[in-house]
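Assemble the complex: chain A is given as a structure, and chain B must be docked to it using the hints.
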Amino acid sequence: MGRITLDKVAKRFGDVEVIPPLDLTIEDGEFVVFVGPSGCGKSTLLRLIAGLEDVSGGQIRIDGKDATAVQPAKRGLAMVFQSYALYPHMTVRKNIAFPLRMAGLSQQEQDKKVEGAAAVLNLTNYLDRRPGQLSGGQRQRVAIGRAIVREPSAFLFDEPLSNLDAALRVGMRLEISELHNRLATTMVYVTHDQVEAMTMADKIVVLNAGRIEQVGSPLELYHRPRNTFVAGFIGSPKMNLIEGAEAAKHGVATIGIRPEHIAVSPESGTWKGKVGVSEHLGSDTFFHVLDTGLADAITVRAGGEVDLHHGDTVYLSPDAAKMHRFDTEGLRIE
Amino acid sequence: MARAVTNRRKTIATAAAWTIGFLIFFPILWTVLTSFKSEADAIASPPKFLFFDWTLENYATVQERSNYFRHFWNSVVISVGSTLIGLAIAIPAAWAMAFVPGKRTKDVLMWMLSTKMLPPVGVLVPIYLIFRDTGLLDTRTGLVIVLTLINLPIIVWMLYTYFKEIPADILEAARMDGASLRSEILYVLTPMAVPGIASTLLLNIILAWNEAFWTLNLTAAKAAPLTAFIASYSSPEGLFYAKLSAASTMAIAPILIMGWFSQKQLVRGLTFGAVK
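Protein sequence lines, in the order shown, are assigned to chains A and B. Per the numbering used here: the first sequence = residues 1 to 334. Per the numbering used here: the second sequence = residues 1 to 276.
Extracted from the complex, chain A is given alone in its bound form (with noise of 0.2 Å):
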């Protein structure tokens, strides 16, 4: 069981208030992802259910139980750790063993978990080194290994991935996610990467200078934003935000297009403006044009073969459908 409930949680450092009262539920075996800019207040926020932190106000219950004033250790959750703070004085079976010898479990049943934890993370033929002897990769595995022989009733991600190179990132993704799938456990991810967001999470928390902007699937966030925050922080390339003459067009203070839906063409369109920085991804082109009188450079994804070199004239065409609208206030209308 994992369900963690936060109820007007709210944190302050002296006048300074990180996270203004919130409320939020995890539910049992969910994944949630807490997304947003650098000192939105997520890490913060993760702490607080860690209990690495005080709450200022408001009450954390786990699986229905107040754990507001309860020891970090006590509350049954495992951490994974941005840095991954392993023990550099001790063997990776060490590393792994310390939470069940600080539990006062047997020898044995020691040997047990951690032989079992090292098979599912590949870390079998590790387990006599020192952390300082293996590579990043390897060193998250032993710091998942340490939350895994725990059971706990949820883990907590903070910011796992970014200190890997691109290449391990994306691999430790899937294999955490496969995790996820494995265990059924509550995961509480706290990453400023929307692709992670996106691609692993059942529930994303987008955040805001300590508030929450909108909770959702990533498809609900991708297709109904709650407002321009939220629209231009999820999805890649960014949604193009339009504010001025061409919004109220339409009636209202700004649209918003997703890269993905406007066509480009040559010829003729709704919009004219000059190709400036093409990026080739292959599979897409990324176009940014320039000169539309719409916005600083509208951004358009386009298939992977068009022929248009900067300086081009070209003619955008927003696919009106899929057009998001919102009012003064940045809030979305229907």
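Do not take every clue at face value.
Said to hold, decoys possible - Derived pair list, reagent style EDC-like, types lysine to aspartate or glutamate, alpha-carbon separation capped at 16 Å: (1) A:K112 - A:D63; (2) A:K94 - B:E184; (3) A:K322 - A:E220; (4) B:K103 - A:D312; (5) A:K203 - A:D193; (6) A:K238 - A:D193.
Bear in mind the hints are in silico, worked out from the structure with no lab data behind them.
Quick look at chain B alone, frame taken from chain A:
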């Protein structure tokens, strides 16, 4: 061409380093050499460098006239004692300042350091009077107390910089893993800080061993350590250079040997935190 210049520069830099090293070492070398000369050779002009009649008589005389081992033992008790007590106080203090800093932690650290800026002679009279009235004059206990207080700021500062280098994440991980404060300190922090604690210990033993101002002013005979032993051979007229040198050599030998065997640890300790 560029390579030749680099090599020449390297040679010059190496020669300069050796020269400076030799200049620093020279007084010690001269003291050791003088300790093997007769009193006449010791004051010979021009000075005799290596070609004199080597003799051990100064060591014999010094050993006859005063009890080296009593002074040696006093030095050991005072330097090791004050360092261990200092560590016992400084470890929790540095711990608290590094991991649970308050608003004024930086000020406290600065204030502790500022006590080292005061010339010791400024507080000599009050401390002397306190020691006289409490019967601590010329006792090892008194010297241990004074040297502990004198070196405490340095011990705290050194340990603080060491502890600062230990990532807080690791301690938090231990807390999440169910470690009590005691286990956290015993199984995670201490093993990680051992190199730091060891070099702090070594450096402070050396500092306390060599401390001369307080040890000379607060002792007479009973508690006098090796510094006082050396001082007893110095006279304004400078008549006993050879015996003074023998006494000095005997006094610095133990600490020099200890320093030699632990130099790796010491260098690491002194340059710690300089390069991240």
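Is the hinted pair A:K94 and B:E184 satisfied, with a Cα-Cα distance of at most 16 Å? 15 Å, holds
Quick one, are A:K112 and A:D63 close enough, alpha carbons at most 16 Å? 28 Å, violated
Taking 16 Å as the top limit, are the C-alpha atoms of B:K103 and A:D312 close enough? 60 Å, violated
Does A:D193 sit within 16 Å of A:K238, going by the straight-line distance between their CA atoms? 13 Å, holds
Satisfaction of hint between A:E220 and A:K322, Cα-Cα up to 16 Å: 14 Å, holds
Could you grab the alpha-carbon distance between A:K203 and A:D193 and see if it respects the 16 Å cut-off? Roughly 15 Å between the alpha carbons, so the hint for A:K203 and A:D193 holds.
Of the hints listed earlier, those the structure fails to meet are numbers 1 and 4, in rising order.
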